[in-house]
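Participant: Here is what each chain is made of, one letter per residue.
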Amino acid sequence: MPSDPIDIKYVAHLARLSLTPEEEQKLAAQLGGVLGYIEKLKEVDVSGVEPTAHAFPLVNVTRADEVRPSMPHEEALRNAPAQANGLFIVPKIVE
Amino acid sequence: MDYEAVIGLETHVQLKTKSKMWCGCANEFGAPPNTHVCPVCLGLPGVLPVANEEALRLTALTGLLLNCSLPPYAKFDRKNYFYPDMPKNYQVTQYDKPSAVTGYLEFEFNDSLARVRITRAHLEEDVGKNFHFDRNSGVDFNRAGVPLMEIVSEPDLTSAVMAYEYLNALKDILVYGGVSDCDMEKGMVRCDVNVSVRPKGQSELGAKIEIKNMNSFSGVRKALDYEIPRQIEVLKSGGKLIQSTRRWDDPAGITEEMRTKEFAHDYRYFPEPDLMPFQPTEAWLEEVSRRVIELPLARKRRFIRDYQLPAADAQTFVWDRPLGDYFESIAKQAKSPKAAANWVINNLRAKMTESGTTLADVKFQPPAILELIELVENGKISSRIAQDVFTEMFSAGESPAKIVEKKGLAQVSDTAAIEKFCDEAIAANPGPAADFRAGKTAALNFLKGQVMKLSKGKANPALAGEILERKLKAGMETGN
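Taken in order, these protein sequences are the chains called A and B.
Note that my numbering numbers the first sequence so that position 20 is 20, with each residue one more than the last.
In my numbering, each residue carries its 1-based index in the second sequence increased by 95.
Misleading hints may appear alongside valid ones.
As the list claims (entries may be wrong) - Chain A stretches covered by chain B per the calculated footprint, using a threshold of three residues with CB under 8 angstroms from any CB of chain B:
| no. | stretch |
| --- | --- |
| 1 | 30-39 |
| 2 | 44-57 |
| 3 | 75-89 |
As the list claims (entries may be wrong) - Chain A is faced by these chain B residues, among others (derived, beta-carbon under 8 angstroms):
| no. | residue |
| --- | --- |
| 4 | T112 |
| 5 | K113 |
| 6 | P134 |
| 7 | G141 |
| 8 | V145 |
Hint data in this document are derived by calculation from the structure and do not stem from the laboratory.
The beta carbon of each residue, even a glycine, is placed where N, CA and C say it ideally should be.
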């Protein structure tokens, strides 16, 4: 098990999730189980293994710098909660 | 106690590509909102980004222009945060394996050469643009996914004006290299400023204050001109500075603290699973290195050294590269490159500005400028007539010699002819003639001007001066 129990309120805030106390308890236990598994993985000797960001031995996947048609404007805005003047309208952004 | 400022800059630059970073939508400013968007840059589920190879090349090229090393392995990461300008709720960037690291930028500052170390240059994506209304906000995602490069400097800058000069030098290099148009009006360059102050001689840094989202170089200078004395004042009055983020309020001319959210900086970076790492091959690097250009500063120094130009002329040829190339095409054959530079800058450039034309429209061949200089040097035409000949060359494209011949503009060095003009000038202007005899030598210039006028500019001015002086002095001796 990890040395520190997971700070479920902090993690929920980072993911912008609002949890009930019951959910907090349930998810804290589940995520704790995940972290416990990670702790177990740490026991494996990886001293001879190169760290990697990907499992596939594939590099340099690129595309040529060419313009292709964009989506029709109406289509792009179809799922917008609200729209005006071609813009996605969102709740007022306060900095 | 004396204090000093320590400044580092994070400069974001939009790359000059045709399409966006991960999709084929156009990278183009000014289109109607949300018309250059697709499922990839809108962050719709189930899409896969594919890296734009030109953006990777331009980032590597920047690395070479800034004397960086290009690591053999680069990768992309997700930087997680929630903000309406970023539909995916993460920005793809290069966190721990950037495309270029540890370089430097040199520029002229305070009559010497300043060197600012570059920490890294990495590739990421721009975000959408927000519009704020009374009751809500609007988002345009045309800019979302435009290739954006971030160039991070070491904290080697020590003043507002030095930061300003650094930014200008950086911009010159990027524009020269074809990396970015750096059009400030179009928001192509944005800057975050990190600034702290410390007592002179102290080695540890003071509390770092970040001024975010600067969109002009003069804004950076003004913000630092405000912020540095502010921090010093806080310390002098016994206060303490804490690491924080501020915003520059341009109309008010002050920086103000931003309300930073409690968890704002926990970005939880992790490798972007949808993009494979990049390992530049030798052939690819070779191709990029062929695009390395002579840096603006190197060009300026070469122009000063090879053509003995004054710094101002050399700088003109740096800022206006086509004009500089034009000058260079004739400078090697020029007896006096400085004279050629004068014609190119003072006449050719002025005429092009006047007529709204470019070098491509110029009707005469570049060596014609050398011919024209030759005609003046050989005394064939006066420098005033040369101006007229140039005007004619510019409008009709004929060779200077032909124009001189056709229009009968050759300088008159025939003594008899000039003597006649001198006699006329003295006779018509008894006042100035008397003034000269009374010792007012400046009156000679007036009379010389009259001779030039009578000869329609064709009299050899030196000869006219000599003859006038001789005649006036002879008049004194004989008592006339």
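Participant: Hint numbers the structure violates, sorted upward?
Facilitator: 1 and 7
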